[in-house]
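Participant: Chain by chain, the residues:
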Amino acid sequence: MLKITNLSATVGEAAEAKTILNGLSLNVPAGEVHAIMGPNGAVKSTLSYVLTGRSGYEVTGGSATLNGEDVLDMDPEIRAAKGMFLSFQYPIEIPGVPVMTFVRTAMNAQRKARGEAEISAPDFIKKSRDVAKMLNLDAEMLKRPVNVGFSGGEKKRLEIYQMMMLEPKFLILDETDSGLDIDALKTVADGVNAMRDPSRGMLVITHYQRLLDYIKPDKVHVLAKGQIIKTGGPELALRLEQEGYDGVLGEAA
Amino acid sequence: MDCCGGTTEHDEDCDDVKVKDSIDAKTVEAAKALESENYSAGFTTDIEMDMAPKGLSEDTIRYISAAKNEPEWLLEWRLKAYERWLTMEEPSWAMVRYPKIDYQAYYYFAAPKAGAKYASIDDVPKEILETYEKLGIPLREAEVLLGVEGAVETAAEAREKPRVAVDAVFDSVSVATTFRKELQKAGVIFMSISEAVHEYPELVKKYLGTVVPQSDNFFATLNSAVFSDGTFVYIPKGVRCPMELSTYFRMNAENTGQFERTLIIADEAAYVSYLEGCTAPMRDENQLHAAVVELVALDDAEIKYSTVQNWWPGDEDGKGGIFNFVTKRGDCRGDRSKISWTQVETGSAVTWKYPSCILRGDDSVGEFYSIAVTNGRQQADTGTKMIHLGKRTKSRIISKGISAGKSDNTYRGLVSVNRKAEKARNFTQCDSLLIGDRCGAHTIPYVENRCASAQLEHEATTTKLSEDQLFYARQRGIAEEDAVALLVNGFVRDVLQHLPMEFAVEAQSLLKVSLEGSVG
Numbered sequence: 001m002l003k004i005t006n007l008s009a010t011v012g013e014a015a016e017a018k019t020i021l022n023g024l025s026l027n028v029p030a031g032e033v034h035a036i037m038g039p040n041g042a043v044k045s046t047l048s049y050v051l052t053g054r055s056g057y058e059v060t061g062g063s064a065t066l067n068g069e070d071v072l073d074m075d076p077e078i079r080a081a082k083g084m085f086l087s088f089q090y091p092i093e094i095p096g097v098p099v100m101t102f103v104r105t106a107m108n109a110q111r112k113a114r115g116e117a118e119i120s121a122p123d124f125i126k127k128s129r130d131v132a133k134m135l136n137l138d139a140e141m142l143k144r145p146v147n148v149g150f151s152g153g154e155k156k157r158l159e160i161y162q163m164m165m166l167e168p169k170f171l172i173l174d175e176t177d178s179g180l181d182i183d184a185l186k187t188v189a190d191g192v193n194a195m196r197d198p199s200r201g202m203l204v205i206t207h208y209q210r211l212l213d214y215i216k217p218d219k220v221h222v223l224a225k226g227q228i229i230k231t232g233g234p235e236l237a238l239r240l241e242q243e244g245y246d247g248v249l250g251e252a253a
Numbered sequence: 001m002d003c004c005g006g007t008t009e010h011d012e013d014c015d016d017v018k019v020k021d022s023i024d025a026k027t028v029e030a031a032k033a034l035e036s037e038n039y040s041a042g043f044t045t046d047i048e049m050d051m052a053p054k055g056l057s058e059d060t061i062r063y064i065s066a067a068k069n070e071p072e073w074l075l076e077w078r079l080k081a082y083e084r085w086l087t088m089e090e091p092s093w094a095m096v097r098y099p100k101i102d103y104q105a106y107y108y109f110a111a112p113k114a115g116a117k118y119a120s121i122d123d124v125p126k127e128i129l130e131t132y133e134k135l136g137i138p139l140r141e142a143e144v145l146l147g148v149e150g151a152v153e154t155a156a157e158a159r160e161k162p163r164v165a166v167d168a169v170f171d172s173v174s175v176a177t178t179f180r181k182e183l184q185k186a187g188v189i190f191m192s193i194s195e196a197v198h199e200y201p202e203l204v205k206k207y208l209g210t211v212v213p214q215s216d217n218f219f220a221t222l223n224s225a226v227f228s229d230g231t232f233v234y235i236p237k238g239v240r241c242p243m244e245l246s247t248y249f250r251m252n253a254e255n256t257g258q259f260e261r262t263l264i265i266a267d268e269a270a271y272v273s274y275l276e277g278c279t280a281p282m283r284d285e286n287q288l289h290a291a292v293v294e295l296v297a298l299d300d301a302e303i304k305y306s307t308v309q310n311w312w313p314g315d316e317d318g319k320g321g322i323f324n325f326v327t328k329r330g331d332c333r334g335d336r337s338k339i340s341w342t343q344v345e346t347g348s349a350v351t352w353k354y355p356s357c358i359l360r361g362d363d364s365v366g367e368f369y370s371i372a373v374t375n376g377r378q379q380a381d382t383g384t385k386m387i388h389l390g391k392r393t394k395s396r397i398i399s400k401g402i403s404a405g406k407s408d409n410t411y412r413g414l415v416s417v418n419r420k421a422e423k424a425r426n427f428t429q430c431d432s433l434l435i436g437d438r439c440g441a442h443t444i445p446y447v448e449n450r451c452a453s454a455q456l457e458h459e460a461t462t463t464k465l466s467e468d469q470l471f472y473a474r475q476r477g478i479a480e481e482d483a484v485a486l487l488v489n490g491f492v493r494d495v496l497q498h499l500p501m502e503f504a505v506e507a508q509s510l511l512k513v514s515l516e517g518s519v520g
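Top line first, the protein sequences correspond to chains A and B. Going by the numbering used here, the residue at position 210 of the first sequence is 210; the numbering climbs one at a time, nothing skipped. Going by the numbering used here, the residue at position 154 of the second sequence is 154; the numbering climbs one at a time, nothing skipped.
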């Protein structure tokens, strides 16, 4: 599904460019959930931005393919149409654009790019109602402008709402647990788990093990210094929790 | 009873003519077609024209007046304005720069040959009909009713379609006015001002120049001397105008100035919604547009005036384009009257325009909702004046300026409260959105308050279209240009809400077209 090979990238202008990914390799097969953990400052978010095509980063080597297609040369919206979805660590406010309008515009843009028919208004509304119910989202909230005046927890739930509406093939969750209380975390995790599917891959980026109690990963990778320095099963996350990154990283070094 | 003669009840026939706030669907299609290229209204129509001699002189004015067979009083009125104009200087306080205008280089009157007004729509020259068709403005009432294909639609379906009466002004003259008979039934007078001068001289004489006096400003005075045509509307007492009224201005002839004059009077407790649309061909030379619009609202009357202005803005290097120097003013002459201006300004090389309200009657209300977009090298200096004279008068100003490219966008406004305007209230909100880093946004609000019990509020913000927002939308699958349009539509949403529905759709498309290529 997602195959990253020897990926290197820099951030910043030419002379001051700083290497942030340094030969990173990672393979997430369809149907699996992989967690990426790492200490603060391990540029975990950077990986999600490079994969989704945010400007300001330059890929200097390696490749990243989704179902065999190299995504690194595609515009962000094409990657989205191919099925890449990023749940943002800090969701962005868009004043004046209601959530429903935003998501419907996005959904139809993706469908159009894939050569599919647009979703009808009644179908969209029905789907939206079902998803909102599952995530405990107030219908009124979906009429308000995207993320404007939303609490931290509401913003994260709205990310999951968008994900469930758009039904992407590959999900990247960037620090989705930050800013969530335990009830909200459960709701969000329920949403994510409902998306688990043999045809779908997920990359869950997190600093704490807590989220992985609710979203059980198949594999856990430790990211540091721009590379994956250790890979293991769910037990690796527990070890990190007990021994700390220093302990585990010390051993790897 | 007269159809819609009352303000409270409608009989069955009225449902036929009751019109929702909207314009014909063809206009929407035309606006959508705009997406295919930057300025699709930029074509010219080949048609023989009668022109006044080039340049401006007393003879030119006599020529115009004679061509229109005007009464003596009007000729004198024009000549008086001309005399005054000769002593005036072009204003230079606006934040716009443009080459000096040579007033002798323009034609002040251009009319399609073979007479100005056509007895029936069938007599309107084919070329002109095609021009309006191309622009999506249907002049044939039958087409408006049945749609162009006509075949698939039943009459009942057609009746559900909202209808708009159109006065089409082609260069200096009005070529067609639709739905006149039906409007007459309701007592509404809707015709070109040239005709009104002959048919309703008393009304014209009573109101012409009473809101924007001849001596008001350089461009208004010029207009008073040479105005060619325009629209006249009178809504009698207690009548709610049964459909949207609309004028469509088209500049076609080369080196021609357009100087239209619009006069709208809403008598006591009357209501009218009026739409104005404008386009012009692409030309290398600058064309001059100096219009005057006067609105009069008597006791309990309401006038809603909406503009979508899409004059040719000039090319990327700032060559050509329309100079849009317009004086628009409404007089809330009666108690509890209301005048509301809504404008979407996307065109013109230079815009100098301040639709204003004089709140004379007690408890009268003035509103100004504006979206002004500048791209390329466009310059806009626009805003409003709210003059509070009566007691408990209220005004509301919402201005959204969007600057892109190397353009400059200035909001200039005045809120003035007279000593006697007890408990007057104003709310002003000016928001500017910058796209890119080579454009400018300026806000110049003047406030003059001479009344202690007045309540005035002002809010202003300037924001930049952020990379973060763009990326967020693109990550969800929305292409860059569409993402810009979506974000901009969000920014202007509270103004778009005040436009009649289909006009709002047209405005959205226009916004998108005029901002094409502004990022990346």
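Since the hints were derived computationally from the structure, they do not count as laboratory data. Treat the hints with caution; some may be incorrect.
BS3-like mimics (lysine-lysine), calculated; alpha carbons at most 27 Å apart, straight line [claimed, not checked]: (1) A:143 <-> A:126; (2) B:185 <-> A:143; (3) B:206 <-> B:237; (4) A:169 <-> A:155; (5) A:225 <-> A:3; (6) B:205 <-> B:181; (7) B:512 <-> A:112; (8) B:80 <-> B:206; (9) B:185 <-> B:205; (10) B:100 <-> A:155; (11) A:82 <-> B:80; (12) A:216 <-> A:44; (13) B:206 <-> A:143.
Participant: Hint by hint, say whether it matches the structure.
Facilitator: Hint-by-hint comparison with the structure:
1. A:143 <-> A:126: 15 Å, holds
2. B:185 <-> A:143: The hint is violated at about 43 Å.
3. B:206 <-> B:237: 16 Å, holds
4. A:169 <-> A:155: 22 Å, holds
5. A:225 <-> A:3: At roughly 20 Å apart (the allowed maximum being 27 Å), residue 3 of chain A and residue 225 of chain A satisfy the hint.
6. B:205 <-> B:181: Distance of about 24 Å is within 27 Å: holds.
7. B:512 <-> A:112: 19 Å, holds
8. B:80 <-> B:206: Cα-Cα ~17 Å, so holds.
9. B:185 <-> B:205: Satisfied, since the Cα-Cα distance of roughly 24 Å is no more than 27 Å.
10. B:100 <-> A:155: 55 Å, violated
11. A:82 <-> B:80: Violated, at roughly 70 Å.
12. A:216 <-> A:44: Judged against 27 Å, a Cα distance of about 19 Å means the pair holds.
13. B:206 <-> A:143: Given pair residue 206 of chain B, residue 143 of chain A is violated - Cα atoms ~50 Å apart, limit 27 Å.
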